[in-house]
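Participant: One-letter residues, chain by chain:
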Amino acid sequence: MSVVSLEAELEPGPVGRGLIWRRARRSRGLLAGCTIIGLIVLAALLAPVISPAPPNQQDLYHILAGFSAKHPLGTDELGRDVLSRLLYAARTDLRVGVLAILFPFCFGTLIGTLAGYYGRFVDTLAMRVVDVVIAFPFYVLVIGLVFVIGPGIRGIYIAFAVADWVVYARTVRATTLVVRESDYVAAARAAGIGDLRLLARHVLPNTIAQAIVYAMNDIVLVIVAVVTLGYLGLGVQPPTADWGSMIGEGQDFLTTNWTLATIPGLAVVVTGLGLSLIGDGLANVLRP
Amino acid sequence: MLRYAGRRLLSAAVVVLAVTVATFLILHVEPGDPARAVLGEHATAREVQTLRHEWGLDASLGSQFTRYLDDIARGNLGRSFLEQTSTTSLIRSRISVTAALVGMATLFSIVITVPLAALAAARKERLADHLVRGLSVTGLGLPAFWFGIVLIELFALHVRLFPVGGWGTSFWSHLEGLILPGLTASFAIAPILVRSLRVGMIEVLDADFVATLRAKGLGELRVLAHVARNAVLPALNLLGINIAFLIGSTVVIERVFALPGLGSLLLSSISERDFPVVQALTLVMAVAVVLINLLTDLLAARLDPRIRLG
Chain B
31 MSVVSLEAEL EPGPVGRGLI WRRARRSRGL LAGCTIIGLI VLAALLAPVI
81 SPAPPNQQDL YHILAGFSAK HPLGTDELGR DVLSRLLYAA RTDLRVGVLA
131 ILFPFCFGTL IGTLAGYYGR FVDTLAMRVV DVVIAFPFYV LVIGLVFVIG
181 PGIRGIYIAF AVADWVVYAR TVRATTLVVR ESDYVAAARA AGIGDLRLLA
231 RHVLPNTIAQ AIVYAMNDIV LVIVAVVTLG YLGLGVQPPT ADWGSMIGEG
281 QDFLTTNWTL ATIPGLAVVV TGLGLSLIGD GLANVLRP
Chain V
39 MLRYAGRRLL SAAVVVLAVT VATFLILHVE PGDPARAVLG EHATAREVQT
89 LRHEWGLDAS LGSQFTRYLD DIARGNLGRS FLEQTSTTSL IRSRISVTAA
139 LVGMATLFSI VITVPLAALA AARKERLADH LVRGLSVTGL GLPAFWFGIV
189 LIELFALHVR LFPVGGWGTS FWSHLEGLIL PGLTASFAIA PILVRSLRVG
239 MIEVLDADFV ATLRAKGLGE LRVLAHVARN AVLPALNLLG INIAFLIGST
289 VVIERVFALP GLGSLLLSSI SERDFPVVQA LTLVMAVAVV LINLLTDLLA
339 ARLDPRIRLG
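Protein sequence lines correspond, in order, to chains B and V. Taking the numbering used here as reference, the numbering of the first sequence is continuous, increasing by one, and the terminal residue is 318. Taking the numbering used here as reference, the numbering of the second sequence is continuous, increasing by one, and the terminal residue is 348.
These are calculated hints, taken from the structure and not from any lab test. It is possible that some hints are incorrect.
Here are the computed distance ranges between Cβ atoms for each label pair [as the list claims (entries may be wrong)]:
id	chain 1	residue 1	chain 2	residue 2	range
1	V	Glu92	B	Cys64	58 to 66 Å
2	B	Gly222	V	Gly94	46 to 54 Å
3	V	Leu95	B	Cys64	49 to 57 Å
4	B	Cys64	V	Arg112	52 to 60 Å
5	V	Gly255	B	Cys136	54 to 62 Å
6	B	Arg317	V	Ile133	13 to 21 Å
7	B	Gln87	V	Glu310	50 to 58 Å
8	B	Leu69	V	Leu195	29 to 37 Å
Partner residues aside, some chain B positions facing chain V, computed with beta carbon under 7 Å [what the hints assert, rightly or not]:
id	residue
9	Phe168
10	Gly224
11	Gly302
Note that the structure is predicted; figures quoted are calculated from it, not measured. Backbone N, C-alpha and C define an ideal beta-carbon position, used for all residues, glycine too.
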């Protein structure tokens, strides 16, 4: 089955820490992604220090102003400083995005590992539930859940907890099926190691890498979804700055102040690009 | 083939049933009382009670559920709380808009992704490949609704090629009104499609049979025809998997372009807390996804014996 490729000759043995580090240092995409995300996180953390004004401070004498030294990105329809709101929105959207995938990541990985490892009834039951959740279009399910729970950040967390774990479960289950049949698991089992210890020490460390790689792609989807909910008025509630509601408010002024809706969108795109580059880089670094 | 189709049909039926139960449950654990929400703060307890009775909300959860199933079986998806019509007729009047949008978006995604993926695969690790990959990585984090707004900015306000939004009255105005929304929706899934399709095509290009074809002295164009046939299957599967995401995205895109489809009906029913409509729409969209996935699976099995025999 295995054909010895040139790469295998150059890099013998299992994927160890040394190899991972060597690959990581050579990956230009990973470096670029980390730089982009590093800068955005830094800007978000320093928002209270570097913002020209408080994000919700209105100045009704200077509404819809253009770029100036005082307001580098202008002001919105209530005279609030756009740059300040952009920086504070980064704080909100990044925090909500990261926290929203924590539960799906842990729960999905757990269910996927258990389903793949035990098979039979556990597997059938888990995968049928996954089928049902996946049948709902992601946005329809999330919007429906937020409607039921009520708009706002709490609604977002619960909606993603329900809707988002399924892909982790599927991905991790597929990896577990492969790992379960591997020689080292058979050897460990023959040595008399119990299920729990086998799962925790020998199966999970191998499947979790897949989940981490997927999480990097997932967080892009989740941040875009959080911003979309904000745009629809179902997500982060005003006056808290959020890229989505900034785009929604700016849409009314497309003909006169097109930058209002455009700049927050660019912020989302750049954030997504950085995270995707990290995701692709990690997938490459952690590949067996 | 028949055995495979039977098995697949059965599992789809189970999922549809489970989806029906899930839709019912989601909207019945809701803490707020829909009758109170519709009548407002000043309604008396008696008025609320009457309305609850009229809607059958005072019955036990079990009997509400059997009634719900019974209604669905007879094609009755409930009555809208606000508009005095049945949800079925509301959905029927709008489903064609959403279907046209999904169709247009699917068409655009094929036209955009297949050539780009083929180009990237054929020029692997060269400039064209790097450009396509860079574009698709950037596209992953593109919020569809924002891209729609940018398209409106550029092609409706700046260069007046297309309408800002709306559905119009004639066939041509429908078509004209669908170009920008269709493009927007296709961009929601194009990055994912390009990335997976490129990998699939590279795998096929590296396959032994391609080397054999080349060794036989076949021209590159005829080799590509063989490759394309083998790359169609994964593309079909991908489209099936992503159609759910595409349908979900149209909800938001219909709002951006003011299209009178199911998505804008869902959003307006949500803001007016019109329960039966939200419930019916969620169910209809989920069932549509199950059916489309069933169709693509059956089509894939028809094209590839390995699937139905495996």
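Participant: Determine for every hint whether it applies to the structure shown.
Facilitator: Results of checking the hints against the structure:
no.	hint	verdict
1	V:Glu92 <-> B:Cys64: 58 to 66 Å	holds (60 Å)
2	B:Gly222 <-> V:Gly94: 46 to 54 Å	violated (60 Å)
3	V:Leu95 <-> B:Cys64: 49 to 57 Å	holds (54 Å)
4	B:Cys64 <-> V:Arg112: 52 to 60 Å	holds (58 Å)
5	V:Gly255 <-> B:Cys136: 54 to 62 Å	holds (56 Å)
6	B:Arg317 <-> V:Ile133: 13 to 21 Å	violated (44 Å)
7	B:Gln87 <-> V:Glu310: 50 to 58 Å	violated (34 Å)
8	B:Leu69 <-> V:Leu195: 29 to 37 Å	holds (32 Å)
9	Phe168	holds (5 Å)
10	Gly224	violated (34 Å)
11	Gly302	holds (1 Å)
When held up to the earlier numbered hints, the structure conflicts with 2, 6, 7, 10 and fits the remainder.
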